[in-house]
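Top to bottom, those sequences are chains L and D.
Per my numbering, the very first residue in the first sequence carries number 39; after that it's consecutive.
Per my numbering, the very first residue in the second sequence carries number 39; after that it's consecutive.
Since the hints were made in silico from the structure, they are not lab data.
Ideal placement from N, C-alpha and C gives every residue a C-beta, glycine not left out.
Watch out, some of these pointers could steer you wrong.
[What the hints assert, rightly or not] If you want a taste of the chain L side facing chain D, the calculated C-beta under 7 Å gives, among others:
hint, residue
1, Leu97
2, Ile148
3, Trp248
Protein chains: 2
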Amino acid sequence: MTNKDSERPLILVTNDDGIKAGGLESLVNMLKEVGDVVIAAPNESYSGMSHAITVKSPLYAKLVKDKPGLKLYKINGTPVDCVKLAINVLLDRKPDLLVSGINHGTNSSISLHYSGTVGAAREGALNQVPAVGFSLLNYSHDADFTEAVKVAKHVVVSMLADKLPKGTFINVNIPDVHPVKGARVARQSKGKWVEEFTERQDPRGRTYYWLTGHFENLEPEAKDTDEYFLNKGYAAIVPCHLDATNFNLLSYLKEENYEL
Amino acid sequence: MTNKDSERPLILVTNDDGIKAGGLESLVNMLKEVGDVVIAAPNESYSGMSHAITVKSPLYAKLVKDKPGLKLYKINGTPVDCVKLAINVLLDRKPDLLVSGINHGTNSSISLHYSGTVGAAREGALNQVPAVGFSLLNYSHDADFTEAVKVAKHVVVSMLADKLPKGTFINVNIPDVHPVKGARVARQSKGKWVEEFTERQDPRGRTYYWLTGHFENLEPEAKDTDEYFLNKGYAAIVPCHLDATNFNLLSYLKEENYEL
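Using the sequences and the hints, build the whole thing.
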């Protein structure tokens, strides 16, 4: 399957919910029709791990499935670790596409910053591999991924036929409606999380805090954002890049004498 | 120190090397002269944690130092957890500035994506708090932070006197030279990590991998990047934003029929 003469595209798959997640299974069942698939995914859930890497302990990769056109590696690391290990060690050629997901739960707007699913896609882009992350707006273990898979297939086929600029990755969120109305290219909405902690007491009387809270869209009137289209029943396709520079501020900081 | 009538600015401080790091101590010794300081920092090193949050276990915040103008909370979470808990729970007003660092080691170019130091600064921006992360290009435990503190003081004083647009954060890297030549506003350099893993065998004969590797600047000729100025002996000041959207690609994806 990593034969250089193969005409089928090589698709690297990962996620942040772990190798047993329903979203991964649904995704892979579709991708097998499109290309040769190598899954390199975490052994357990790594939700909220963003672009984290494992620096304090070593990584093990166990090949747990090896069929024609489909390999599955279980890795004791973050989604980004999985992508790095696959591209650098496990695969004998660079994949044609990296697909991350399908995540159980939203990664729209600013949630992209916390997301292991999106982190993995960003790591693909850092390695010059076209990459996409998919997320369904339903957190439940037994969510129905039928509509999400339809959207994912369309985007995957489009990306394989296309030549996106290097360093690009795409963040796709799919609403939990049946049927999904369609898919729209959008920009990332501005948002924030509010009421973020629940306070409790442990049996020894010490206070502890669970991270919780809910999302608030800071641009409810805007009609070109991911949040807008998701609320209307469309999947939202957000092209992303690796450059965090705020170019509008470069000259401002110079004028305001930030330089020494 | 969280008195609303206080004229001294309230500065929230965190890092990703943990409360015992020399970089944190050097930074706080300087910040005490500038404002009232609340440190909310991890109990141990959280290097490479990016924008990760803790979702599977609760957080404890222990007040381990409480002097006039200086409080220190030790938290069993990531740098981003520390910022969230401080702003939402520990502080009784929004801080005037968030300062993260001084990190032991570089966070220039794409290293910003993996950095807990920068993740914490980004989280400040997500909470509408002006934020800056500082990193010294020296990983050693007993690095000399004298020059880095000089740069940090200049940037901190500039930010407190200024009104940066909401959602902005600044990534500052300081070269390990004495003296530092100055500080320059720059854009994030394109780069990649190469030769990323060291392979070994454990006593039971299983192969494992340590993440390692070295950085390669993909724009060695460019004269406006953080890497360029760092190599010339200047600190690099990169203004960053929260929006990952690649606006150049929005219309392209529409034309290429990514929509459904």
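Verification of the hints:
no. : hint   : result
1   : Leu97  : 5 Å, holds
2   : Ile148 : 6 Å, holds
3   : Trp248 : 5 Å, holds
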